[in-house]
Amino acid sequence: MIPQASGRITGVFFQKGQEVHKGQLLFTLDDRSQTATIQGS
20 MIPQASGRIT GVFFQKGQEV HKGQLLFTLD DRSQTATIQG S
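Read in the working numbering, the sequence shown has 45 at position 26, and its numbers run on one by one without any break.
Keep in mind the hints are simulated off the structure, nothing from the lab. Check the hints yourself; a few may be wrong.
[What the hints assert, rightly or not] If you anchor each label on the Cβ, the simulated ranges turn out as follows:
1) Gly36 x Thr56: 30 to 38 Å
2) Gln34 x Thr54: 36 to 44 Å
3) Phe32 x Thr56: 23 to 31 Å
4) Pro22 x Ala55: 18 to 26 Å
5) Ile57 x Lys35: 32 to 40 Å
6) Gly36 x Gly59: 20 to 28 Å
7) Asp50 x Met20: 12 to 20 Å
8) Gln34 x Ile57: 18 to 26 Å
9) Met20 x Thr56: 22 to 30 Å
10) Gly30 x Ile57: 34 to 42 Å
11) Gln58 x Gln34: 34 to 42 Å
12) Lys35 x Gln58: 16 to 24 Å
13) Gln34 x Ala55: 16 to 24 Å
These numbers come from a predicted model, not from an experiment. Ideal Cβ placement from N, Cα and C applies to all residues, glycine included.
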């Protein structure tokens, strides 16, 4: 697994050993710093 964005993990949507599927939401990230960067442009 390779992340496409950086940030602090704010949610985890699977448990250890659980089978996951392609396209399934696994994590949510705190995107405040990216949002601030975009709005400041």
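- Structure-inconsistent hints, enumerated in ascending order: 2, 6, 8, 10, 12, 13
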